Amino acid sequence: MALEQNSGLAAVGSEAPAVLRGLAIAADSVSAPFFLGLASAVFLWGYDGLAFVLGLGAGYLLLQLLIAPVLPQAGARSLTDYFAVRFGGKVPRVLAAVVVIVSMGVLLIAEVQAAGLVAARLLGLELASAIAVAAAALLLCFVLRRRTPAPWLRGALYALMLLAFLAPAVALSFEYYGLPVPQMAYANALWQVQGLEETLLERDLADPAVLKPMLISFLSLSPLNFLGIVLGLALGTASLPNLLSRHFMTGRVRAARWSAVWALLFAVLFLSAVPALAAYAKLALLTLIAEGIELANLPAWIFTYGKLGLVEICGQAASDAAAVKNACAALPDASSALRLQDLRLDPDMITLAMPEITGLGPILLGSLGAAALAAALVTADGPLLAIIAAFGLGARGASEPSPAPSAAARLAPYLVAAAAVLAATLAAAARPGGFLVVATWALTLVASGLFPALVAGLWWRRANAYGAAAGVFAGFAVALLYLVGTRYFAVGFFETFEALSSAGPTARETFGELKQAWLAAAPGPGKEAAWMALDAHAQAIANWWGVKRLAAAVLALPVGIVAVVAVSLVTPRPASQEAAS
Amino acid sequence: MHATSNQQNCAEPRRGRFPIAALLAWAVLALAVPRLVQQLNVFVVLGFPLGFLMAAQGSLFGFLIIAVLSARRQDRIAGTGDK
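Order-wise, the sequence lines are chains A and B. Each step along the first sequence adds one to the number in the numbering used here, with nothing skipped, and position 433 is 433. To convert a position in the second sequence, counted from 1, into the numbering used here, add 1000.
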C-alpha cells in the first residue's frame, strides 16, 4: 500500500513543501477565467459581483476543513477512483466520471475562451482565429509538459499571476492616495465613484435605469442568487476534481492541511485586491464620462477592444471613430458626448483592459496579459488531466493493477486530450457566455454532482453506494437540466414549469402574444424571427423562483444532499461498516 | 516510507471530530454576512461601509483565521501520529 502511494504521477507533488503546494493549489483553482473575470464582475455589478470573490475564497476553507484532513487517507488516486475505493461497485464511479467529464469539459471551454481573448489582444488577431491559435498552443503545452513536476511550475505561475495583478493595483493606490496597499486605499475610490455616479445623473450623462451604483447591494442579483453563486463556487472549489486528484490524494495529512491553509492565504492576497482594481477602473471610466468626453476624442482602448466586438457604443461595435459617429448619429436622442448608457463593455475584456482604462503604461498591460496567457495555457491541463483520469487512463486507480503500458495505452490520453480540446474550441467559438459565467457553470456542476456524495463518503460511515449514486445523479441532473433547459430550451422549460417561474403577469402575457405570433407566422424568415423573439423572451423568464443559471447550485445542492442521505438510510449498511462493527 | 499501521482499511480513514464550529463560522461569514449588507453599511470602518468591506475583504480574512486555527487544532489532535 505504502509503496503504491509513493509511485506514479500523482505522487510527484506530494513531497514539495506546503508553501509551494499552497501556491500550486491556488494556481489550479484561480484559473485564467477567474483571474480575468472576477474584477470584471465587481466592475459591472458592484457589490453583487463580490459573490464570485467570496465564493472562491470560501471554497478554500471548506477544502481545509472537510477534505484535506481525511481524503489523503482514503488511498485513492483520483476523485473518480475515490468513489470506487470508498463505495465499491461500478455505478458510483461511472456516475462520478460522467460528472467530471462534463463539468471539466465546460471549464475547459472557459479556459479556451480566456486564452483566446488574451491571444487576440496580444497578437492582434480576430477573436475566432485567436481562439483556434490558443487552443492549439494549449494542447501543445499539455503534450510537452506532461511529465514536469507540477508544483514548481504552478507555484511560479501563481506568483507571476499575483505580481501581475497586484502591480497595477499597488501603482494606482500609490499614485491616487499615496498608500501602496490597495486593499485599504480603495475606500477613497469607492466614495469618489459614488460622487461621480450622482454627477452623471445630474448632468444627464447616465440613464438612471442603466446606472447601477457600485455600493448598493442586490441590484443585479437578488440575495437568493448571491447565495447560490457563493455556494456553487465554494463547494465547487472544495470538490474540484483536478485539484483534489493532484494535491490531496497521497502524502502526509499534515502537509495536506497546511498546504490548504497556504492556498487560502495566497488566494486571499489576490481576491482582496480584486475589488480595489475594479473600483479604480470604474473611477477612471466614470471620470472620463463626467468630463463630457466627445465621441470624436475617445481613448484608443475603446477601439482596440471594439474591433474585437467587445466594446459597443450606441449599439454597434466600436471598431473605429467613424463607426461610432454613425451609430450614435442614428440614435433618436443623439448626443455628441459619451453617455454611460451608450457604452457597453463586454465583461470578458474589462480586467485585461484595466491598465489601459486607468491610463497605466504598456508594461503593466503586457505583464497582465502574459500572466493571464500563461495561466490559461498551464492551468488548462488541470481539467484535461481530470477528464483523462475519468476515462480511466493516465494515473491508474489504486484498485487496479498497473501493467506495462502498450503503445496504444500511452497514446490514448493524448487522443482524449485532443478530442476534448477540439470540442471545447468549437464550443468556445460559439460563445455560450462570458468566460466567468461559463467557469461558474462548471463549478456549479461540480458542486451539485460531487460535493454531497464526496463529503458524505468522507464523514458519514453510513453512506453507501446506493446513496452516493443517487446523490451524484440527482444533484447533477437537476443542475444540468437547469443550466441547459433555461438557456437552450427556454420556451419548453417555461411552459413545463410555468407555475414555478417568477415572471410577473405582464411578462406572461407577452410570452403568450409572442407564442401566438410565432404560431401564426408563415414559414420562412418571418417565422424564424418570431421564434428568436419568443426564445429571447423565454430565456428571461424561464426559471424556478427567480434563480439565475449562475446560482443553480442553490436548487441542485439540496436535492443532491437529500438523495445521498435518504437513499443511504433506506438501503443496507455498507459492507465495510458491517465488518467493522 | 512513513508508517500507515493505524490504517487497517484504506476506505476507512481515521477521523477527527467533524468541525461543526468552524463550519458554522464559515456559514456566517460566507452566507449570512453578505445578506446583512444593508444593516452593516450603517457603520463605517477604515473608511469603508462595513457591509461592503466584509464581503470584499473581511470575510476572506475571517476564513484565513478559521483555517489557521483549525489546522493547528488538527495538528494537536493528531499529535505526532502523522508528522
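Some hints could be false.
A few chain B residues facing chain A, derived, Cβ under 7 Å [what the hints assert, rightly or not]:
no.	residue
1	Ala1027
2	Phe1043
3	Ser1059
4	Phe1063
In short, the hints are calculated from the structure, not lab data. Because the structure is a prediction, the values reported are computed rather than measured. Even for Gly, the Cβ is constructed at its ideal location relative to N, Cα and C.
Hint by hint, here is what the structure shows:
Taking 7 Å as the C-beta cut-off, the interface hint given for Ala1027 (chain B) is violated, the closest approach to chain A being about 9 Å. With 7 Å as the threshold, the beta carbon of Phe1043 (chain B) stays out of range of chain A, its nearest partner Cβ sitting at about 13 Å, so the hint is violated. With a least beta-carbon distance of about 6 Å to chain A, the hint placing Ser1059 (chain B) at the interface is held under the 7 Å criterion. For the restraint placing Phe1063 (chain B) at the interface with chain A, the shortest Cβ-Cβ distance is roughly 4 Å, inside the 7 Å limit, so the hint holds.
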